[in-house]
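Colleague: Heads up: the sequence shown runs through residues 1 to 194, numbered per UniProt numbering.
Because the hints were derived from the structure by calculation, they are not lab data.
Incorrect hints may have been included.
When the alpha-carbon atoms are kept at most 27 Å apart in a straight line, the in silico BS3-like pairs for lysine-lysine are as follows [said to hold, decoys possible]:
no.: 1; residue 1: LYS128; residue 2: LYS163
no.: 2; residue 1: LYS110; residue 2: LYS126
no.: 3; residue 1: LYS163; residue 2: LYS110
no.: 4; residue 1: LYS126; residue 2: LYS163
no.: 5; residue 1: LYS110; residue 2: LYS128
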Amino acid sequence: MRISISTHDTTALLAPRRLRNHRDIAADAAPPRKVIMLDSLQDFTASLPDFLQWFGVLLIAAIPFVESYFGSAVGVLVGINPVIAVVAAVIGNVISMLIFVLTAHGVRAKATQGKEAAQLTPRRAKLKERFDRYGVPGVSLLGQLFLPSQITSAAMVSFGAPKNQVILWQIISIILWGVIFGVLATLGVSVFFR
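Please model the entire structure based on the sequences and the hints provided.
Modeller: Given below as structure tokens:
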């Protein structure tokens, strides 16, 4: 979906760091859900005092499906220094991912203690097939295109992948995606509405 800015609103053109409000979308098109969600996350972060906005980015990046990439972009669009926005988003996403990985590791250790492996559901079987094909690095780097890092990392650990290897590759992926989206947001590229 393309965003169109009304011609009478020149302030929108002068503020590239601010995500366009869903009211700026063409009147005949309903705003997509992610536009409204990103608007809400941006408004939340912008509503915090300037010295705490990085903490808002850290909090929103810990939310599955927001991740480091949308967190860093929202931070940049609110006006936070891009380096601080990316670092805060990465830290928030990593903390959240670690909670999921360590919990999944603990649950798997207790559940498999002295027992045979259980039958996989069709959905988990498909995820396991991709895991077997691409390995921990491939699923970590590309998995965020389909599922949040928290879910893919917990799934890999539940399939028996080494916990430390999953953590390492997830951190690499989180940093990579956060930097890419932070740079794109800094350059003013509207990656959210295509």
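Colleague: Going through the numbered hints above, which ones does this structure break? Give me the numbers in ascending order.
Modeller: none
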